[in-house]
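Note that the protein sequences, when read in sequence, are chains R and H. Note that this note's numbering gives residue 387 to position 387 of the first sequence, counting from 1, and the numbers run on in steps of one. Note that this note's numbering gives residue 434 to position 434 of the second sequence, counting from 1, and the numbers run on in steps of one.
Keep in mind that the hints were calculated from the coordinates and are not lab data. Here the structure is a predicted model, which is why all the values come from computation and not from measurement. One thing to keep in mind: the hints can contain errors.
Same chains, same names: a pair is fine if it fits in one copy or spans any two.
To be verified - Capping the alpha-carbon separation at 20 Å, the derived lysine to any residue pairs in SDA-like fashion look like this:
#1 LYS328 / GLU441
#2 LYS165 / ARG74
#3 LYS61 / LEU460
#4 LYS267 / GLY279
#5 LYS154 / PRO68
#6 LYS251 / GLN192
#7 LYS268 / GLU239
#8 LYS119 / GLN302
#9 LYS165 / LEU78
#10 LYS86 / GLU467
#11 LYS328 / GLU496
#12 LYS157 / HIS464
#13 LYS483 / SER211
#14 LYS483 / MET452
#15 LYS458 / ASN430
#16 LYS488 / GLU503
#17 LYS154 / GLN192
#18 LYS258 / GLU273
#19 LYS154 / ASP79
#20 LYS61 / GLU124
#21 LYS454 / MET158
Protein chains: 2
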Amino acid sequence: MPQLGLLHGRAWTVLLGQLRRPPGAVCIGAVRSHSQVAEALFASQLKPHQEKSNFIIKTPKGTRDLSPQQMVVREKILDVVVSCFKRHGAKGLDTPAFELKEILTEKYGEDSGLIYDLKDQGGELLSLRYDLTYRSSLTYLCEVPFARYLAMNKVKKMKRYHVGKVWRRESPTIVQGRYREFYQCDFDIAGQFDPMIPDAECLKIMCEILSELHLGDFLIKVNDRRILDGIFAVCGVPESKFHAICSSVDKLDKISWKDVRHEMVVKKGLAPEVADRIGDYVQCHGGISLVEQMFQDPRLSQNKQALEGLGDLKLLFEYLTLFGVAEKVSFDLSLARGLDYYTGVIYEAVLVQTPVHAEEEPLNVGSVAAGGRYDGLVGMFDPRGHKVPCVGLSIGVERIFSIVEQRMKTFGEKIRTTETQVFVATPQKNFLQERLKLISELWDAGIKAELMYKNNPKLLPQLHYCENMGIPLVVIIGEQELKEGVIKLRSVASREEVAIKRENLVAEIQKRLSES
Amino acid sequence: MPQLGLLHGRAWTVLLGQLRRPPGAVCIGAVRSHSQVAEALFASQLKPHQEKSNFIIKTPKGTRDLSPQQMVVREKILDVVVSCFKRHGAKGLDTPAFELKEILTEKYGEDSGLIYDLKDQGGELLSLRYDLTYRSSLTYLCEVPFARYLAMNKVKKMKRYHVGKVWRRESPTIVQGRYREFYQCDFDIAGQFDPMIPDAECLKIMCEILSELHLGDFLIKVNDRRILDGIFAVCGVPESKFHAICSSVDKLDKISWKDVRHEMVVKKGLAPEVADRIGDYVQCHGGISLVEQMFQDPRLSQNKQALEGLGDLKLLFEYLTLFGVAEKVSFDLSLARGLDYYTGVIYEAVLVQTPVHAEEEPLNVGSVAAGGRYDGLVGMFDPRGHKVPCVGLSIGVERIFSIVEQRMKTFGEKIRTTETQVFVATPQKNFLQERLKLISELWDAGIKAELMYKNNPKLLPQLHYCENMGIPLVVIIGEQELKEGVIKLRSVASREEVAIKRENLVAEIQKRLSES
Chain R
1 MPQLGLLHGR AWTVLLGQLR RPPGAVCIGA VRSHSQVAEA LFASQLKPHQ EKSNFIIKTP
61 KGTRDLSPQQ MVVREKILDV VVSCFKRHGA KGLDTPAFEL KEILTEKYGE DSGLIYDLKD
121 QGGELLSLRY DLTYRSSLTY LCEVPFARYL AMNKVKKMKR YHVGKVWRRE SPTIVQGRYR
181 EFYQCDFDIA GQFDPMIPDA ECLKIMCEIL SELHLGDFLI KVNDRRILDG IFAVCGVPES
241 KFHAICSSVD KLDKISWKDV RHEMVVKKGL APEVADRIGD YVQCHGGISL VEQMFQDPRL
301 SQNKQALEGL GDLKLLFEYL TLFGVAEKVS FDLSLARGLD YYTGVIYEAV LVQTPVHAEE
361 EPLNVGSVAA GGRYDGLVGM FDPRGHKVPC VGLSIGVERI FSIVEQRMKT FGEKIRTTET
421 QVFVATPQKN FLQERLKLIS ELWDAGIKAE LMYKNNPKLL PQLHYCENMG IPLVVIIGEQ
481 ELKEGVIKLR SVASREEVAI KRENLVAEIQ KRLSES
Chain H
1 MPQLGLLHGR AWTVLLGQLR RPPGAVCIGA VRSHSQVAEA LFASQLKPHQ EKSNFIIKTP
61 KGTRDLSPQQ MVVREKILDV VVSCFKRHGA KGLDTPAFEL KEILTEKYGE DSGLIYDLKD
121 QGGELLSLRY DLTYRSSLTY LCEVPFARYL AMNKVKKMKR YHVGKVWRRE SPTIVQGRYR
181 EFYQCDFDIA GQFDPMIPDA ECLKIMCEIL SELHLGDFLI KVNDRRILDG IFAVCGVPES
241 KFHAICSSVD KLDKISWKDV RHEMVVKKGL APEVADRIGD YVQCHGGISL VEQMFQDPRL
301 SQNKQALEGL GDLKLLFEYL TLFGVAEKVS FDLSLARGLD YYTGVIYEAV LVQTPVHAEE
361 EPLNVGSVAA GGRYDGLVGM FDPRGHKVPC VGLSIGVERI FSIVEQRMKT FGEKIRTTET
421 QVFVATPQKN FLQERLKLIS ELWDAGIKAE LMYKNNPKLL PQLHYCENMG IPLVVIIGEQ
481 ELKEGVIKLR SVASREEVAI KRENLVAEIQ KRLSES
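Construct the entire structure; sequences and hints are all you get.
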C-alpha cells in the first residue's frame, strides 16, 4: 500500500486494523458528535451561572469541532483519497469559501433556501459554497466553483482535484446525523477527449480509493442520463414529467418498486400502463450482457439518445475490463442521480454488507462516492456559451468518516493523536537544563520529541504519559548518566533499557525508528 | 531536512532552490492574483456579450482562486509548518468556519465591522471566524475558537495545532495585496506549567519553521506585556491612556520615534516629558544583557509587574540559549502587539534583509510569525471564570506565500503541478487497449501514471507533454514490443531508451524511482 506516509506507522496499522474489520451493522445516523454531547452538558450546567457570560458557549447548530482523535481519522481518509487523485495525475485547485450569490443561485434554483447567505454589509451579495445532491445523501462541492473557474480563466482542459469544506443549511432534526458543515473531495477531468477514456478512469479511481480504505465490499452502479431519458420517451412519459418521474425512480434504492409505482401513478399522475412499462426497465441490473440485451430491445433500440448511451456504456465496460474492475460495476437502470446537469454516464458507489445467511439479500449501507458526466455546465458560465465537456466524481468523505468512527467506537480501540517518537525524561531533580539541551538536539535532527513542562517531574508520571500516548522510546538522563557521558534509552513496550553514549544517541534513535 | 515527503523529490528541490535565494528587494504588496487579472480581462470582454449571463463571472472582492502552481507552493509551506508542529507533539483540532456572532464580537469589540456576518435566515446569528491583528500585519486564527473549545469541553491542558481558512472584510484598496480570505496556522499550549518552558518552545518552533523555509535571515523580537505596562506606569502615563499609547509604540517598526512622539503628544494629549521618558525605554533593544540592565533601572525596578516580566524574560533567554536560538531573539521594548488579551511575553518574527553595503541598516520586510501568552482568554468563556493559561504562535503563511510566489516570478522558474512519474505512450495506432492494461498495472502498483485520452495519439505530442510537465519516465509500447514481450522504458531527461521484459517493468520502474 503506497502513499500512506502521513501518519506514524503504528497509528496507521491500528487504524487500518479497524478499517479492515467487516462492516457489520453500521448505523450511520446514530453517530453523536463530541460537541453535541458537550453542548447538552454545558447548556444544563450554564443555567444557574450565567452571570459571567450572558450567552451559551456552543458551536453553531449542525456544526461540530473535530477532536484530535477525529482529526487523525479524517487526515488518514483524506490522505488515501488525495494520494489516489495524485496517482492519476491530477493538479490541486482551491476556490474561495464563498461565491457571488447569483452564481450559486442561478445553478441551484429551487433549493437555494439551503444556501448560507452572507449578510449584506455593503458591496457584493455572497453565499457560502454549497452542493445539491443532499437527496441522494452525497456530496458535491466543486462542480459549480470548478465550472466558474474554467469559464472565467478560459481553461479548456484540466484534470484537477479539490478538497475543502462546504456548507448547507439543512435541518439537522430532519436529516439525522447530517452536518451543516463538511468536507468534500472532488476529482474532475475537463476537456474534449475520445469517448469514455476519462469516464473509465473516474470509475477506476473510485475502485482504488474504496479498496484502499478497506470499508468492506462495494458495488458501483452505472447508468446513462440518455438511456433513462430514452426509457421515459419510449414508455410514453410526457416530456414535462421527465424530471418528476426521474426523481421517483431515484428512490428505488430505498423503497420498493410497488411504492415507487404508486407514487408515479397517484402522486405524479402517470398512466398505470406507462408506469408498468418503466418498471420493466428500471428493475433491471447486470453487467455488459445487460447492455447487449438493451441494444436488442425492440422499443429502446428505436431511441437515438438511448442508443448513444448504450454505445458509450459498452465502451465503458470494455475499458473497465482492461482496468480489472468490471466485476465491481453494475449497469443499473434505476440509477437516476438528482442533478439536472448530468448529460451522460452517471455512477454511484454503495457499500454492500456481506449477508450472514446465504439466502439473504445484500443490504446497502448507503452511497459513499458518486459522479457523472456534465458537458453543459461550463457553457452556462461562459458569456459565449462555449462548452467544456467534464466528467468527475466526489468521494463521500463524511459518510466514510462516520462509518470508520462508528466502527472504532464499536471496537473500542484507541488511536494515537500525536506522532511523538521519543520522550525526554529524568528521575532526578534539577535536570531541566539537560533535558532542554537534549530535546533540542532531537528536534534539530527531525525527531519528534516531547518532555514534561515541569522543573522537577517525578519519573513515574513521565513513563505513564508515554504508555498512555503510545510513545515508543524514552531517553532518561540522571546524575549517574551525566557523569558517565551516557543516556539511558528505554523501549516503552519491552521496558528494556540500554545505556548509549551521548554522542551516539541521535544515530541510535534514528536507527531504531527506521527499523520499527 | 526531514518531513518533506509530500512532494515529488524533484519538485521540492526546485522549490527549495527558489526558497534558498537571498530575499533581495521583495515587494509583498505588488503580487497581483491570477484571478484578479482574469477578472479584469473578463469584465472588459463581457460588456458586449452579456446576453448569456446577466452577471459578471468573478470571485468575490478580496478573494482569489489558487491555481495548481500556487497550490504546490502553499502545500509545501503548510507541510513544513505542520511537520514542525507535529515534531513538537501537537495534536490536530478543527473548529467550524463560523461561530455564534456573540462569541466573536464579545472578543473583538470595536473592530467587529471587519467580521463577515451570515444573513439572518432564521435561527442563530453567525459570523465567519476572524482574527484581529491586522494592524501588525499578522494573522491570528484560532485563539478565540480555541479558547471557546477549551472552555466548552472543560479541557485544562492541551497542545494543539490548527490550520484553516479565516475571513476578514478589509478593504483591499486600503490594504494593498491583503486578501479577505486566507490560511492560518496556529500552535498553542494550554495548561498550568512551570514558567517559560512552553513559551521557550514556541520561540524554538518559530526558529525551526523559518529556518526550514529558507526565507533568508530573520529576527524574533520579544517583549512582555507587564514590562510595557510597567514602563507606562513609571513614566507617568495615566492608566486610561495605556491602550492608546501602546498602539502608538506599536508603530515604531514602521515610523520614526520622532513621529511616534508627535502622535503621543499632539494626537493623544500626553505630556511631552512623559513621552520623552517613554522614548528612553522603547528605543532600546538587545539580548539578555538588556534584561539585566533593566533589572537595575532605578525607575522600572520599582514596578512589581515589570519585575515579574523581566524575571520571566531572563528565564526565557536561559532556555533559548539551551535551545541554541538565543542569538535569533532580541529583547525589543518597542514591541507592543495589538491585542489586549496578551498577558505576558509577546513576540514577533521579522525577515531581515542582508544590507548591500556594510553601513546600511538592515531593512524589515515585515513580520512572518507572532504570538504570546494569553492567560485570561479561556476564563472569559467559562461560566465560572476558570482560567486556563495559554501561550501560542501563528505563522503568517499568506505573507510567506507572497514572498515565495514573488521570488518565483522574479526568477521565472517553473515548478511541477503534478507528481506523475510515468507516462504510457505508443507510436502506433490501435494500441489503446494495451495502454489501458499497462497503466492499470502501474496504478495498482502505486505508481503515478498518465496517458493521453486519445484512441490514436501521435508520439511527438506525447513526448512533448512529458517534457513540459516534468514527467521523468515514459513507457512506450508498439507492435514490435508486443511481439517480443518487452516494453521500451525511456528517460525523458537523457532520452535514453532500454527494452525491459514486460513482466519486469513494474519492478524496474520502482527501482529507478527509488534511486532518483
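Results for each hint:
With identical chains, the CA atoms of LYS328 and GLU441 are at most 20 Å apart between copies only, with a shortest distance of 17 Å across copies and 52 Å within one. Taking the shortest alpha-carbon separations for LYS165 and ARG74, both the intra-copy value of 13 Å and the inter-copy value of 17 Å come in at or below 20 Å. For a Cα distance limit of 20 Å, the shortest separation of LYS61 from LEU460 qualifies neither inside one copy, at 43 Å, nor across copies, at 57 Å. Within a single copy, LYS267 and GLY279 get their C-alpha atoms as close as 16 Å, which meets the 20 Å cut-off; across copies the closest is 82 Å, which misses it.
Taking the closest pair of Cα atoms, LYS154 and PRO68 come within 20 Å of each other only across two copies (15 Å); inside a single copy the shortest separation is 41 Å, beyond that limit. Taking CA atoms no more than 20 Å apart as the test, LYS251 paired with GLN192 passes in neither setting, with 33 Å inside one copy and 56 Å between copies. In this assembly of identical chains, LYS268 and GLU239 lie within 20 Å of each other by CA distance solely inside one copy; the values are 13 Å within and 74 Å between copies. In this assembly of identical chains, LYS119 and GLN302 lie within 20 Å of each other by CA distance neither inside one copy nor across copies; the values are 53 Å within and 52 Å between.
In this assembly of identical chains, the alpha carbons of LYS165 and LEU78 lie at most 20 Å apart whether taken from the same copy (12 Å) or from different copies (17 Å). Proximity of LYS86 to GLU467 under the C-alpha cut-off of 20 Å is restricted to the inter-copy arrangement: shortest distance 18 Å between copies versus 36 Å within a copy. With identical chains, the CA atoms of LYS328 and GLU496 are never at most 20 Å apart, being 49 Å at best within one copy and 39 Å at best between copies. With identical chains, the CA atoms of LYS157 and HIS464 are at most 20 Å apart between copies only, with a shortest distance of 16 Å across copies and 56 Å within one.
For the identical chains of this complex, LYS483 and SER211 are neighbours neither inside a copy (55 Å) nor across copies (34 Å), given an alpha-carbon limit of 20 Å. When the C-alpha separation of LYS483 and MET452 is checked against a cutoff of 20 Å, the pair qualifies neither within a copy, at 23 Å, nor between copies, at 67 Å. Taking the shortest Cα distances, LYS458 and ASN430 sit within 20 Å of each other inside one copy (12 Å), while across copies they are farther apart (73 Å). Only within a single protomer do LYS488 and GLU503 lie at most 20 Å apart by alpha-carbon distance; the minimum there is 12 Å, versus 49 Å between protomers.
When the C-alpha separation of LYS154 and GLN192 is checked against a cutoff of 20 Å, the pair qualifies only within one copy, where the shortest distance is 14 Å, while the shortest distance between copies is 56 Å. For the identical chains of this complex, LYS258 and GLU273 are intra-copy neighbours only, at 14 Å inside a copy versus 91 Å across copies, given an alpha-carbon limit of 20 Å. Proximity of LYS154 to ASP79 under the C-alpha cut-off of 20 Å is found in neither arrangement, the shortest distances being 30 Å within a copy and 31 Å between copies. In this homomeric assembly, LYS61 and GLU124 come within 20 Å of each other (Cα to Cα) only across copies, at 8 Å, whereas the closest approach inside a single copy is 26 Å.
When the C-alpha separation of LYS454 and MET158 is checked against a cutoff of 20 Å, the pair qualifies only between copies, where the shortest distance is 15 Å, while the shortest distance within a copy is 54 Å.
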